[in-house]
Every structure is written in structure tokens, then in C-alpha cells.
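Participant: Single-letter residue listing:
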Amino acid sequence: GQQVQQSPASLVLQEGENAELQCNFSSTATRLQWFYQHPGGRLVSLFYNPSGTKHTGRLTSTTVTNERRSSLHISSSQTTDSGTYFCASSGGSNAKLTFGKGTKLSVKS
Amino acid sequence: NSKVIQTPRYLVKGQGQKAKMRCIPEKGHPVVFWYQQNKNNEFKFLINFQNQEVLQQIDMTEKRFSAECPSNSPCSLEIQSSEAGDSALYLCASSLFQAGNTLYFGEGSRLIVV
Chain C
1 GQQVQQSPAS
11 LVLQEGENAE
21 LQCNFSSTAT
31 RLQWFYQHPG
41 GRLVSLFYNP
51 SGTKHTGRLT
61 STTVTNERRS
71 SLHISSSQTT
81 DSGTYFCASS
91 GGSNAKLTFG
101 KGTKLSVKS
Chain Y
1 NSKVIQTPRY
11 LVKGQGQKAK
21 MRCIPEKGHP
31 VVFWYQQNKN
41 NEFKFLINFQ
51 NQEVLQQIDM
61 TEKRFSAECP
71 SNSPCSLEIQ
81 SSEAGDSALY
91 LCASSLFQAG
101 NTLYFGEGSR
111 LIVV
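So the sequences go chain by chain: C and Y.
FYI, in this note's numbering the residues of the first sequence are 1 to 109.
FYI, in this note's numbering the residues of the second sequence are 1 to 114.
Okay, chain C solo, but in the shape it has when bound (with noise of 0.2 Å):
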């Protein structure tokens, strides 16, 4: 089955550094979501992107879909960042989603 790999595991920035969070998977994915946990356990899609670029504030992703690598740039990060990133990630027909470990950010001010 799909296997997704994140990295680093933990990342502690000063408040305004910038952020890059990588997610390595094992098969071409035709479903690729990024996600941020907050720390009472909701998790919120920041991005479907199985394939190129996109941005929305400060966050952008970028998946090169033939080197089976996403990554999720945040920029000028802030407190509020802190928490819990997840790549997610299936393949072919298989609907079911393949989580990696998650990165840990903590953004100090």
C-alpha cells in the first residue's frame, strides 16, 4: 500500500522565519492533501494538490507528482501556526487516505 513519509518531525522557528515541510510517498498519488491539526484534534485541509503549485496566504504547495514528493512552504510564520502538520496521500482508485507522522511546528515570539 501507499506509504507517506514527512520531515522534519519537529521544527521550532522564531516568530517571522520561514518554514519548509516535506512529504515523500511511495506511489504516484492521485489524492494528496495537506493538513493542520489543532491542538484539540481538528484537523483542516489546507490544500488538495496532487499535482503543482498552489497558495493561499502564506502557505503554498508544491507536489512534483513524477518524483512523488509535495512540499508545504509557509512563509513569515507566526505563533498561530504552531501545531501539527499532516500529508496525506492515495493512489490509483484507492480511495483511502495514506497519513505520514506529522510535523510538529512550534513558532516562539
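Since the hints were derived computationally from the structure, they do not count as laboratory data.
Built from N, CA and C at the ideal position, the CB exists for glycine as well.
One or more of the hints may lead you astray.
Just some of the chain Y residues that point at chain C, by a computed CB distance under 8 Å [what the hints assert, rightly or not]:
| id | residue |
| --- | --- |
| 1 | 42 |
| 2 | 56 |
| 3 | 88 |
| 4 | 91 |
| 5 | 98 |
| 6 | 104 |
Heads up, simulated DSS-like pairs for lysine-lysine below, C-alpha to C-alpha not over 27 Å straight-line [as the list claims (entries may be wrong)]:
| id | chain 1 | residue 1 | chain 2 | residue 2 |
| --- | --- | --- | --- | --- |
| 7 | Y | 44 | Y | 13 |
| 8 | Y | 3 | C | 54 |
| 9 | Y | 13 | Y | 27 |
| 10 | C | 54 | Y | 13 |
| 11 | C | 104 | Y | 20 |
| 12 | C | 104 | C | 54 |
| 13 | C | 104 | Y | 3 |
| 14 | Y | 13 | C | 108 |
| 15 | Y | 18 | Y | 63 |
| 16 | Y | 3 | Y | 20 |
Since the structure of chain C is provided, determine the placement of chain Y on it from the hints.
Facilitator: Frame of chain C, contents of chain Y only:
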């Protein structure tokens, strides 16, 4: 913003007790997923449905776990006899299609088995 509604937010059960969680998918979404997230933040897929039919499920759900998505009623996930290892966050998600589009998650039901 996701409009998947999960209830209850928290439930505390003794070992051996039943635990039941409900999920109302986003309006118009026929595909529903259940995931279990453990204390190490690891996600485990449990089962998914298209309308009332099971698409995929793991072996675990065939024993103590049961789930259904009846028409015109919330979907549900039930653990017949809770065990300490079932303590986790149970997340429901819905989507428009089986593959190739966004999954939207609810806030989850946190089960604590004491």
C-alpha cells in the same frame, strides 16, 4: 470550512462497555471515512462507505467494531466491547468522490477507556 459533524466530542467508557460515535457528512457527500488517531498521532484507516455500501475496511473492524451509514440517518461507528487500546481520537471524513478530490474531516470524537 468543513461541515462534517461528529458527536459526541468526548466519551468515557469502562472496559467492556459499548461506545458509539456518530457522523453527519457534508451535504451531498456520498463517501464517508472513519479513521482512528492514536496518542502517537498515527492515523489508522478503519472503514469507508459510498452511500450505504462498505468500500473498504480493515480486519479490526470486522471483530469488535461495527459501522454503518443508513440512508437519511447519521453514520455511526460502534465498539461493542471497549478495550484500553481503543482510547483514541476517532475522525470521520466525507468527500464527493471515492478518489481524486478533497476529504473534509469533522472535529473528532475522543474516546477514553478507563
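Participant: The structure should be examined with respect to each hint, and the outcome stated for every one.
Facilitator: Verification of the hints:
no., hint, in the structure
1, 42, "6 Å, holds"
2, 56, "6 Å, holds"
3, 88, "10 Å, violated"
4, 91, "6 Å, holds"
5, 98, "4 Å, holds"
6, 104, "6 Å, holds"
7, Y:44 x Y:13, "21 Å, holds"
8, Y:3 x C:54, "23 Å, holds"
9, Y:13 x Y:27, "31 Å, violated"
10, C:54 x Y:13, "43 Å, violated"
11, C:104 x Y:20, "30 Å, violated"
12, C:104 x C:54, "22 Å, holds"
13, C:104 x Y:3, "25 Å, holds"
14, Y:13 x C:108, "38 Å, violated"
15, Y:18 x Y:63, "13 Å, holds"
16, Y:3 x Y:20, "20 Å, holds"
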